[in-house]
Structures are given as C-alpha cells and as structure tokens.
Amino acid sequence: MAIRILLADDERDFVDTLAERLKIRDFEVRVVYNGLDAVAAVRDSRPDVVILDLYMPGLSGDETLQQMEALHKGLPVILLTGQAGVEESFAKHEAANCTCLTKPVALNQLLEKIRDLLENTQGTAGGDNA
Amino acid sequence: MPEQTSLARLLSSAVHDLRNVLAVVRESSGLTGDLVLIQENIAKRDRMLGAVEEIQSQVVKGALLADAMDLLAQAGTECDKGSCDANHVCNLFCCMAQRMARASRIRLEHAQNQDLEVPLPPQRVLDLLVQVMDICSKAGGNVDLKLGADYRQNSVGILVEVVAGDNMQAVALALSQSPLLNEATRGIKNLLTPWRKAQRLYFLPLQGSGQA
Chain A
1 MAIRILLADD
11 ERDFVDTLAE
21 RLKIRDFEVR
31 VVYNGLDAVA
41 AVRDSRPDVV
51 ILDLYMPGLS
61 GDETLQQMEA
71 LHKGLPVILL
81 TGQAGVEESF
91 AKHEAANCTC
101 LTKPVALNQL
111 LEKIRDLLEN
121 TQGTAGGDNA
Chain B
1 MPEQTSLARL
11 LSSAVHDLRN
21 VLAVVRESSG
31 LTGDLVLIQE
41 NIAKRDRMLG
51 AVEEIQSQVV
61 KGALLADAMD
71 LLAQAGTECD
81 KGSCDANHVC
91 NLFCCMAQRM
101 ARASRIRLEH
111 AQNQDLEVPL
121 PPQRVLDLLV
131 QVMDICSKAG
141 GNVDLKLGAD
151 YRQNSVGILV
161 EVVAGDNMQA
171 VALALSQSPL
181 LNEATRGIKN
191 LLTPWRKAQR
201 LYFLPLQGSG
211 QA
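Note that the protein sequences, when read in sequence, are chains A and B. So for the first sequence, this note's numbering puts the first residue at 1; every next one is plus one. So for the second sequence, this note's numbering puts the first residue at 1; every next one is plus one.
Because the hints were derived from the structure by calculation, they are not lab data. It is possible that part of the hints are untrue.
What the hints assert, rightly or not - SDA-like cross-link-like pairs, simulated, lysine to any residue; straight-line CA separation at most 20 Å: (1) Lys23/A with Lys146/B; (2) Lys23/A with Ile38/B; (3) Lys61/B with Val105/A; (4) Lys146/B with Gln114/B; (5) Lys61/B with Asn108/A; (6) Lys23/A with Asp34/B.
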C-alpha cells in the first residue's frame, strides 16, 4: 500500500514538482497551497506524513501544525522552510513525530526523514518507495 | 541586544526567497533526471544526467552562499547568539571568499572537521579568517590553504595549513611573522603559531574575551 503524503506549500513551482517526483517513487501525494486547506485535508483523510511549509498565507505553519496535532496527535510532520535558523524556534515541536529541514533539501534526505518518521511513529519502513 | 537593521531584514528576506529559488531549481532538475532515467533510449542520456548532476552540485554551492548571507544578516542582532560552530564558519568563509582568494591565486579548502562550538560571534571568526587571507595575499598569494577548526593543547582554534603552491615558503614566513595576529586584539588572543614541527601548519586560538 502506497504511503500517503500531504504536501502543503504556497510555492507552487516547488511543491508541484516535488509532488511529481514523489509520485514517480510510488508515493500517494496530495498537494495544498495554504494552511487552511492543509488542516482540511488532514481532517478529511489522515495522511501518513505531512510535509509542511512554515510560512504560508492565511494560517502560519505554527498554527497549522497545532490544528493538525489537535486532529491527529502524533501525526508525522516534516517542517520545511527557506529561512535558516528557525529550527531552534520550532524546537518545541521537535519530537519523534516532527522534524525541521531547510530548503533546498536533497530528495534523498527528505525520503530518509520520511522513513525515519514512519519508523518512529508506526514502525513502518518506507524503503520500497524510495 | 540591537534589533536587526533594515538592511539585515531585507537581506534575510532575500535569502529566504533565494532558498526558494534554489529549491525550485533542485526539484526541477531532479525531475528532469528522474524522467531521463525512466526512458532508457533517450539520446545523449549520460550527457543529460551529467548536466543534471552539475545543476544539483551548483544548488548545493548556492545554498551554502545563502547560509553565509544569513550569517552576515544576523551579525550583531538578537539572532546572533555570540558563539558559533567554528568549522561551519570556516566552511562558509571558504565559500564566500572564493572570488577574493582567486584574485591572489589562493585556493581555499575547508578541512571538514567535526562541529566545534567557540565562545565568539561568527563575524569575529570571519574577521580573523579574512586577516589570515590578507596576510597570504600580501605575501604574494599563489598557494593552496586548508582551513578548519580543531583542538590543539586543550585550546580550540583555527588550523591554517599551507598545502601547496609555488609561493609556499613566502606565505609560511609571512604567517609566522605576522604582526597582525601576534598581538591581543579586542580582548582576544590571536596567536598564529606554527604547530610543533609542521612548518606549514598554523594554529589560531579562538578564545573569548578575558580568556586569553
């Protein structure tokens, strides 16, 4: 069964291309372009992993994350940002189910994080999809 | 702590966008590579994959430059915590100073040592590294330098190795005799001393104010 990933980022050129690359690797990917849609997507169908941009219009990454956590505690989330040094600001979210990466991220690094999060939270390895 | 200046805020904002641009370049070139890999009979396949690899490599360099610009934007602001990973700063310096170094035919290489936190703000470490490069330039340049932070005799500091080059002797002599670095400045002792008997390896202790 394919791993379901929710991609939330307002940088459409980036997120659409990343989605295509993940689909080539047999992930099931849904893309949204703002925080409100991301929360709605998590409410509709719980993804296995969320890749979330920290700075989006409407609802900030922090608020989006809190609302997602309220819906599904322990939901694996990878926070993506173009602003270096914010990892420390989001250290409060760092847990077994959450990690932060700075753009541009190598796809292999992202896949590794997805695998790690899934192993930590579900005991599920995503090796076949990488 | 002073707030970030307007220029620093603008620089941070621009760097943020630069990282987004690099992310798009990385993913788009990566997708091109993926599609080429899927189609086995595509013309000039290896050449295309080589070009993709080159783009990805340039993105990594661009990301390092973005890190360096962020470091400069944070200098002296509340984001500047007054200490830094000296090896990371050495790496950023090697990246930022490539063009300056090339003018003096100096090639900079980072020693890739492990993370090493020092009680100095990053701009102070950068300042010292610029001084080291200036000494080498004034001595005629034309050398390869390897820079990295490490421990020597229970002190943390920067190791400057004159690795190669036609002008090694003159540069090594200039480093040994440098009046710039053989004095206490800003409360920080900066002794650039040859390490043991290694003629071309120099150690620049990095110590906070009052610890010299």
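Here is what the structure says about each hint:
1. Lys23/A with Lys146/B: The given pair, whose Cα atoms are some 43 Å apart, is violated under the 20 Å limit.
2. Lys23/A with Ile38/B: holds (13 Å)
3. Lys61/B with Val105/A: holds (13 Å)
4. Lys146/B with Gln114/B: Within the cut-off at roughly 15 Å; holds.
5. Lys61/B with Asn108/A: holds (17 Å)
6. Lys23/A with Asp34/B: Within the cut-off at roughly 11 Å; holds.
The structure fails to meet hint 1 from the earlier list, while all remaining hints are met.
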